[in-house]
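*Asks:* Each chain, written out:
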Amino acid sequence: VVMAVAQLYFHLAPKAEVGVIAKALVRLLRSHSEVQYVVLQNVATMSIKRRGMFEPYLKSFYIRSTDPTQIKILKLEVLTNLANETNISTILREFQTYIRSMDKDFVAATIQAIGRCATNIGKVRDTCLNGLVQLLSNRDELVVAESVVVIKKLLQMQPAQHSEIIKHMAKLTDNIQVPMARASILWLIGEYCEHVPKIAPDVLRKMAKSFTNEEDIVKLQVINLAAKLYLTNSKQSKLLTQYVLNLAKYDQNYDIRDRARFIRQLIVPTEKSGALNKYAKKLFLAQKPAPILESSFKDRDHFQLGSLSHLLNAKAVGYQELPDWPDEAPDPSVRNVEVPEWTKCTSREKRKEKVEKPFYSDSEGESGPTESADSEPESVSEESGRRRSSWRAREEEEEEEEEEGAKKAKKKKASQGRKSHTETSSEEASASESSSSGSDSGSEAEAKRRKVPPSSRAGPKEISLLDLDDFTPPPPQPVPSSSIVSTSLVTDLEGLTLTDTSLAPALLSPAFGAVRTYELLHRMAGEGLSVEYCFSRRPFPGDPHMVAIQIQISNNTDAEVKSLRVSEPKPLSGMRIQEFPEIERLAPGDTASVVMGIDFCDSTQAANFQLCTHTRHFYVSIQPPVGELMAPVFMSENEFKKEQGKLTGMSEITEKLMLPEKCWSDHAIVQQVTVAANVGRVPCGADNEYRFAAKTVTSGSLVLITLERREGAVAQLTVNSEKMVIGTMLVKDIVQALAQ
Amino acid sequence: EVPPLFVIEFLHRVVDTFQDYFGVCSEVMIKDNVVVVYEVLEEMLDNGFPLATESNILKELIKPPTILRTVVNTITGSTNVGDQLPTGQLSVVPWRRTGVKYTNNEAYFDVIEEIDAIIDKSGSTITAEIQGVIDACVKLTGMPDLTLSFMNPRLLDDVSFHPCVRFKRWESERILSFIPPDGNFRLLSYHVSAQNLVAIPVYVKHNISFRDSSSLGRFEITVGPKQTMGKTVEGVMVTSQMPKGVLNMTLTPSQGTHIFDPVTKLLSWDVGKINPQKLPSLKGSMSLQAGTSKPDENPTINLQFKIQQLAISGLKVNRLDMYGEKYKPFKGIKYMTKAGKFQVRT
Numbered sequence: 048v049v050m051a052v053a054q055l056y057f058h059l060a061p062k063a064e065v066g067v068i069a070k071a072l073v074r075l076l077r078s079h080s081e082v083q084y085v086v087l088q089n090v091a092t093m094s095i096k097r098r099g100m101f102e103p104y105l106k107s108f109y110i111r112s113t114d115p116t117q118i119k120i121l122k123l124e125v126l127t128n129l130a131n132e133t134n135i136s137t138i139l140r141e142f143q144t145y146i147r148s149m150d151k152d153f154v155a156a157t158i159q160a161i162g163r164c165a166t167n168i169g170k171v172r173d174t175c176l177n178g179l180v181q182l183l184s185n186r187d188e189l190v191v192a193e194s195v196v197v198i199k200k201l202l203q204m205q206p207a208q209h210s211e212i213i214k215h216m217a218k219l220t221d222n223i224q225v226p227m228a229r230a231s232i233l234w235l236i237g238e239y240c241e242h243v244p245k246i247a248p249d250v251l252r253k254m255a256k257s258f259t260n261e262e263d264i265v266k267l268q269v270i271n272l273a274a275k276l277y278l279t280n281s282k283q284s285k286l287l288t289q290y291v292l293n294l295a296k297y298d299q300n301y302d303i304r305d306r307a308r309f310i311r312q313l314i315v316p317t318e319k320s321g322a323l324n325k326y327a328k329k330l331f332l333a334q335k336p337a338p339i340l341e342s343s344f345k346d347r348d349h350f351q352l353g354s355l356s357h358l359l360n361a362k363a364v365g366y367q368e369l370p371d372w373p374d375e376a377p378d379p380s381v382r383n384v385e386v387p388e389w390t391k392c393t394s395r396e397k398r399k400e401k402v403e404k405p406f407y408s409d410s411e412g413e414s415g416p417t418e419s420a421d422s423e424p425e426s427v428s429e430e431s432g433r434r435r436s437s438w439r440a441r442e443e444e445e446e447e448e449e450e451e452g453a454k455k456a457k458k459k460k461a462s463q464g465r466k467s468h469t470e471t472s473s474e475e476a477s478a479s480e481s482s483s484s485g486s487d488s489g490s491e492a493e494a495k496r497r498k499v500p501p502s503s504r505a506g507p508k509e510i511s512l513l514d515l516d517d518f519t520p521p522p523p524q525p526v527p528s529s530s531i532v533s534t535s536l537v538t539d540l541e542g543l544t545l546t547d548t549s550l551a552p553a554l555l556s557p558a559f560g561a562v563r564t565y566e567l568l569h570r571m572a573g574e575g576l577s578v579e580y581c582f583s584r585r586p587f588p589g590d591p592h593m594v595a596i597q598i599q600i601s602n603n604t605d606a607e608v609k610s611l612r613v614s615e616p617k618p619l620s621g622m623r624i625q626e627f628p629e630i631e632r633l634a635p636g637d638t639a640s641v642v643m644g645i646d647f648c649d650s651t652q653a654a655n656f657q658l659c660t661h662t663r664h665f666y667v668s669i670q671p672p673v674g675e676l677m678a679p680v681f682m683s684e685n686e687f688k689k690e691q692g693k694l695t696g697m698s699e700i701t702e703k704l705m706l707p708e709k710c711w712s713d714h715a716i717v718q719q720v721t722v723a724a725n726v727g728r729v730p731c732g733a734d735n736e737y738r739f740a741a742k743t744v745t746s747g748s749l750v751l752i753t754l755e756r757r758e759g760a761v762a763q764l765t766v767n768s769e770k771m772v773i774g775t776m777l778v779k780d781i782v783q784a785l786a787q
Numbered sequence: 019e020v021p022p023l024f025v026i027e028f029l030h031r032v033v034d035t036f037q038d039y040f041g042v043c044s045e046v047m048i049k050d051n052v053v054v055v056y057e058v059l060e061e062m063l064d065n066g067f068p069l070a071t072e073s074n075i076l077k078e079l080i081k082p083p084t085i086l087r088t089v090v091n092t093i094t095g096s097t098n099v100g101d102q103l104p105t106g107q108l109s110v111v112p113w114r115r116t117g118v119k120y121t122n123n124e125a126y127f128d129v130i131e132e133i134d135a136i137i138d139k140s141g142s143t144i145t146a147e148i149q150g151v152i153d154a155c156v157k158l159t160g161m162p163d164l165t166l167s168f169m170n171p172r173l174l175d176d177v178s179f180h181p182c183v184r185f186k187r188w189e190s191e192r193i194l195s196f197i198p199p200d201g202n203f204r205l206l207s208y209h210v211s212a213q214n215l216v217a218i219p220v221y222v223k224h225n226i227s228f229r230d231s232s233s234l235g236r237f238e239i240t241v242g243p244k245q246t247m248g249k250t251v252e253g254v255m256v257t258s259q260m261p262k263g264v265l266n267m268t269l270t271p272s273q274g275t276h277i278f279d280p281v282t283k284l285l286s287w288d289v290g291k292i293n294p295q296k297l298p299s300l301k302g303s304m305s306l307q308a309g310t311s312k313p314d315e316n317p318t319i320n321l322q323f324k325i326q327q328l329a330i331s332g333l334k335v336n337r338l339d340m341y342g343e344k345y346k347p348f349k350g351i352k353y354m355t356k357a358g359k360f361q362v363r364t
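From first to last, the protein sequence lines stand for chains A and B.
Using this note's numbering, you'd call the opening residue of the first sequence number 48 and step up by one each time.
Using this note's numbering, you'd call the opening residue of the second sequence number 19 and step up by one each time.
So here's chain B without its partners, still in its complex pose (with noise of 0.2 Å):
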């Protein structure tokens, strides 16, 4: 007996951290790193308890592998293991190192939104809800005492924090105040839930149909700009998966390129930008296996898009202030849409 989820959880951990490590998580690069793989499970899990997951923590034991150190390594006989304990551990504040020395001091926040939704037919909103996070890089000296505030943290509906943040007061007043982590984290995710309106930022045409009598259907999809205040769409692109009747496509994109797998019946349509004067569009004709009758589903279509500079919940962070060191740090904020699981349902 054991909570699944805790199992579940941790293997994900586990190959996170490998991925964290060496790039990729498969077959040939565990045996190719089994060394490193070992020490790091080894830290990992201490007699089937995880012990040390923090991706941080795990980099101070035991330091990934680069071509250098390889090659001293093989040389001298040595493993990668520190010989040292990380410091910070132990220490009342245990997600930061102490010692902490940049001559640039910087801190950089992403806002990232990613918008989830379910767009039926007639193009009416179905399901829409925002999922954000703030992404945090922090290179500061010393122990720095961060407050963030926002220009409407009302709108964030459920929240998860890192350990750094002070709850309290982010209950009492709605601020952020914590001892940021050294390097990259994630300071915050947050969910705005569906009762507020979610504008969605762009729309599509489409029209798919089949004939019952030919093995041909036409298939035509336009992919538009709305609410997006201003901003451009960026990186859109359109992936469907096709009926199983569809042998093959014979597209014309007025813009970007097109894949269609006869294989695993994807297609992809990589768009790019959206200019609103001209909208993007992809015409053409199905060919349909002959003999079999008309697919009684039409595809879905999967819209991926960025949109830079606008945090879609209407977000803001009204300021950050530092605390506990005297130097000025040079604090940045960048703001980011994108399309989470977003179906348009034809």
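Okay, chain A solo, but in the shape it has when bound (with noise of 0.2 Å):
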């Protein structure tokens, strides 16, 4: 977690807080080496772009004799990079340290860092050189001959003062025997014999009669050598060089010779010889710029920190690159964590007041100040004693909508919706036909789309992100279960989906959509005060037999409304209300959310109660699906059985129904039943038929759901149920919902 958590932070974070995990991820650094070496590699890519993050732990990368030699390696790569002018004596004077190290690997790299830390910083070059070359006397070969490399890489920087040093070095030769340490004395003394005019030659003459023993890289640098002697001092070295070249020539190794035949062409005038011979001079001794020494993490920042692809610092199979930053800035909606459009509902309120009627607590809907601009309204309505209703399911819209685009759908839609709005019913149905008509196509889009915008949401409630990652089967509506996971994800979900509903009077609860928002108080009849409330399919804390629901208040009147709260409750025989905490103030513009509690003793009666505010009293009811009168419960497929054998006769009841086509698929067949009724799926064995389980929340009995698919569309619908009347009515949902 800490690890994914510096990744967030590495990437997105300001400079001033990336501080925070250097603290975390040093703590790591006690844990087992198989972890220490990861984050080192980890911190290693962190130090190389901001320095300043780890250098109040600098003393925590201290290497301890006991550690593994690969996590001294990349301690010491840090403690490099780490390195700056104020620290350096410190950092070096640990260097000094581990050089007398028994662990010779280590040492050479000890050398190479020192070196490093020597380009980097100027004004300790000499020190670094000057205790490079003590080391030069060590008794170990192998570092003399690192220390030598580096003094290579660091004289080829200012060459002129160091005349001595090559001197020096040029003494060695006779006693270093690896190759790269020898060739690097080699190449030295070739490039800067200027300097050292009466040495040169005689490491030739050395060199010359070794040759034959020689490495490879060791005989190419003698040519070079000899050649670039022949230029310069062609006096005293003619005949040694045209030895060599001779010697050469009839090397083992091709290259070698290819090299010599090159070099004789080019230095020694023939007649033949063109033009180049001229620029001989030139070409050797031209100016080299110096080798930079780098930081072999330097490469490794494009990868995703943290990442196997990071580790082995080669592209893994699956590796996402992280994308780059968006060009446009998301629309400022996706870092709401509630319902996030409540505030901006006040710029479109004055178009639709001239169409809306206003009606009595439960009146027509629009009431949704959504800014969903491209779904279809997936709607039917239906004719339902005197008042309409009309449920419409809206998406919310994705962010990366252009502008335009949108405030054009939103004109269109505003017209669909006041449409609906002024005709009569009849013509209301047949238009929510043809609109639902138009979603049938518009369902799997609008699946994706579901998925765009918990993603897209970044920042403050991380968790729940991180939960919908881990919620791998696409359907946009959860599954309701207890577990901690899916609850969090139907809270987000309520965020996202955003419905218009009136009321609904008659028993019919159609489902589509998530968790579904119904209307308690509207805003016109609420002067500004708009309610709404949905059954968060969450046990409610404190009465196991309550039903738990939302209600979402919101104040879209320009003056605080005060203490807000439930009273009067008239509630039926044996129902109970637990009422929400009487809220203070909401300012305008502002939205609350509560939980209240409401035993509905399992029927589907409505529950009236009064909402007071500091002026007003407002007559509300609240009436449940019969689906969200129970609870999802876990059973096995056997328990399933045997519950089931116990509920048979007037208890059971039977429909039969056809599937439409686009129920045909098992993830759309559950998801309709678990958004019509707060059931939990049964494992099931066999494949065309489904199971699902539940409690009445206040009673505790069964309910049983079993949908058998038979040929084609045909399929069975099957609910046992000791409450008959919850029974039937739940058939009856269900059948609606799948036939969709």
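Keep in mind that the hints were calculated from the coordinates and are not lab data.
Beta carbons are placed, not taken as given, at the ideal position from N, Cα and C, and that holds for glycine.
A portion of the hints provided could be inaccurate.
[As the list claims (entries may be wrong)] Just the calculated beta-carbon pair ranges, DEER-fashion:
1. A:Lys96 x B:Ile48: 19 to 29 Å
2. A:Lys688 x B:Gly350: 48 to 58 Å
3. A:Asp263 x B:Leu63: 33 to 43 Å
4. B:Asn202 x A:His664: 52 to 62 Å
5. A:Glu631 x B:Pro181: 49 to 59 Å
6. A:Met227 x B:Leu284: 30 to 40 Å
With the hints in hand, could you dock these two chains into one complex?
*Replies:* If you want it as structure tokens, here you go:
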């Protein structure tokens, strides 16, 4: 977890805040060595980019003699990256201790590190160089060789002052056996032979003597040295050069033979030799840029920190690049955790006010001040009693949506909405039918879209974001369960899905969309106060027999609303209402979310109560769909069958139905059922059978649902429940949900 | 592509769990308990994703093997897999079982601090850090709600909590408030950084020298207490990795026992308690391999020690209160300072 957060911070956080993760990462360094290894690698990468981050913890990267070599080298890397003018002296002192270590690989790495410090920080270059020269007298050959190589690189940066060192190194050629070091010395002498005119030919003489026994890399450098000497000091070295070239001519390695041939043509003046000859000196003794000693971790930062690819420094299968910063700023609404759009409704309010007729308590829809632009209103209207009702599930708009398109769509939709308000109910039914057919095609896209908004919401709700990621199957609506994952998902989706619904007086509650929001008090009826509620499907804390109802109160007035509370509940017999705590004040434009619990006694009778502000009282009622009167239970297949066996006869209700085409997939069926009722899925062996189980909230009696698919679209739905009324209603609801 | 830390962490967790179940984690052990190992792995890993890694929950699911249970199982043919889901897992407080009952209600807290330090040749401290943990052993009935407050909470620099601790209260009031899990658990681990000066409770005087000419070297170590606030230093153990050239050592300790392993070249000296009046020392000579030159590095000395009843950072628990239950628990707190990675360079 720490690493993941570190990753986020490293890529996103402003400079001031990265210090937080440094501390945590340093703490990780105390755990197992494998963990240390991974963390150090990441620290090494980070320390290149953001040096300041780890500076306070410099001492934590000091090396202990008991560390494994791998970790030592990584720590060294970090230390070198962290070195700057102020702390270099301490670091160098540390390095001095390390040089005497028994671990020779580590010593070599240390010397390299010193070299890098020296190149990066000019001030200490001389000190480093002196230290390295002292190392030349070390008894261990590896150490000497390594320091020669590093010195070579350092000298290249400022050769003039250091002829002494070169002389010293020339003397070393007699002793050093490591080819890389020998080659380095030879190169140095060749390059700066003007500074050491006396020694250079002498060295060449010695090398010519042992030419045949040298390693290839040394031989090449010998030829180089010979050529350079020939050009600068041909008097003394002409014969020697020719001797060396002759030897090289018959060498086994063709690289050396080629080089010899090439150089001979280049430097030895013959009749045929062309224009190149004149430039030979320029070619060989050109100023060469000093090499830059760089961290080997430099190229790693294009991999995402903490990933396997980063560790291996190679692209692993399935590695995903970090996307670039988006060009345009994402919609700020994605940062709001709860319902994001409440504040924006005012602009559209005026337009609608003409159209809408204020209803009492359960007034007409179109109150949801969503800015959902592109979503087809997936709605079906039904005539029920004398009141019109329309359910409209809407999706939140995609954030990437372009502004213009959004406006157009808004207008279109607004007009559509207007139509459905004013027209008679029969017309409305046909209008919404057409829109629902439009939504059929859109349902797939809709499923995709639903996935987009939650993942693009960064920031405050980190945990739920992770949960969503874990939730691999695509159903946008969660299978309700008491596990934490899905409940937090439910709340998430609550924020996403805004539904315009007027209260249904009838018992019908077809289900679409995820968790649906119902309207308790319309904005017009409530004089600017609008209240919506939804069944959060979470156990109500405090009383398990109550259904938790999440209530969203938003104040669209210009004035503050004070002391919002529930009063004078008039429950029917046995019904109990647990009021939410009084809301002291609600500022204009603000939204408050509270949870209240109602024990419906397993009946779908509405709960009536008054909602009071400091000035007004509103009579409202909440009517639960039958599917919300239960809570999912988990049981095994065997348990299910056993329970089902007990609930036969009168308590079994069976109904045949035709499944529409879009409900043919397993996923669609499960989704429709779980949206219609708060049930949990029961595992089932057979392919064409789906089982769900729940308990009614108040009495705890079991409700078992079996859906069996026959050939084609025919299916049989069986509900077993002690409560026959609930069973019948549930069958009706589910059939309706599936028939959509 | 998978986060490497995730894999490593999980493997460590598996090994820890096995050690918890069987005492050791070795090939032989896995062969002997292959059924249980399989069951445990099954629970820990589901379709490639770690599932239940908390040892408490695992133990409820799959009972650890005991002799009695093995006998019963072989007779009845049943397995160790518990037939009930762990109760706590689905509740609001997943780390605590419901319906815990004890006759003696007790809560013990151990404050253990480890000093990581590097001391250089001349005896001055190069780095020193304190890593501390508070381990708790809580055996309380019901659902107790504990609060633990410190005398000097500002000392704690970098803290990580057990999930049961309410972080809000820590941030606002610097009080640990939590519903504890049942049994042993690590409540909190913290870090006292090098910025605050760390008092090093012991010192080591050493004199190790090799001579170029002869094949003998001198070796002398003395350990003494320093800034221990009157507490005795116990369980002192000195280990040192000798250079390869050392063949053997002839040493005489003034106290304790010493062992030198000529193969691994590891010298360990078990000192025991340090008596401040008579400082323990180890003197003697080393015989080096003839013909080789003297090693260019002196060995580093690793030190281990324990000091009871002292938290070297000065951390003190102020009080422990319990809410939510009626009985009066027995409360106990213990401090201890240990050496973590304590090295002396010579």
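*Asks:* Against this structure, judge whether each hint is valid.
*Replies:* Each hint, compared with the structure:
no. : hint                            : verdict
1   : A:Lys96 x B:Ile48: 19 to 29 Å   : 44 Å, violated
2   : A:Lys688 x B:Gly350: 48 to 58 Å : 53 Å, holds
3   : A:Asp263 x B:Leu63: 33 to 43 Å  : 52 Å, violated
4   : B:Asn202 x A:His664: 52 to 62 Å : 57 Å, holds
5   : A:Glu631 x B:Pro181: 49 to 59 Å : 33 Å, violated
6   : A:Met227 x B:Leu284: 30 to 40 Å : 34 Å, holds
When each numbered hint is compared with the structure, violations occur for hints 1, 3, 5.
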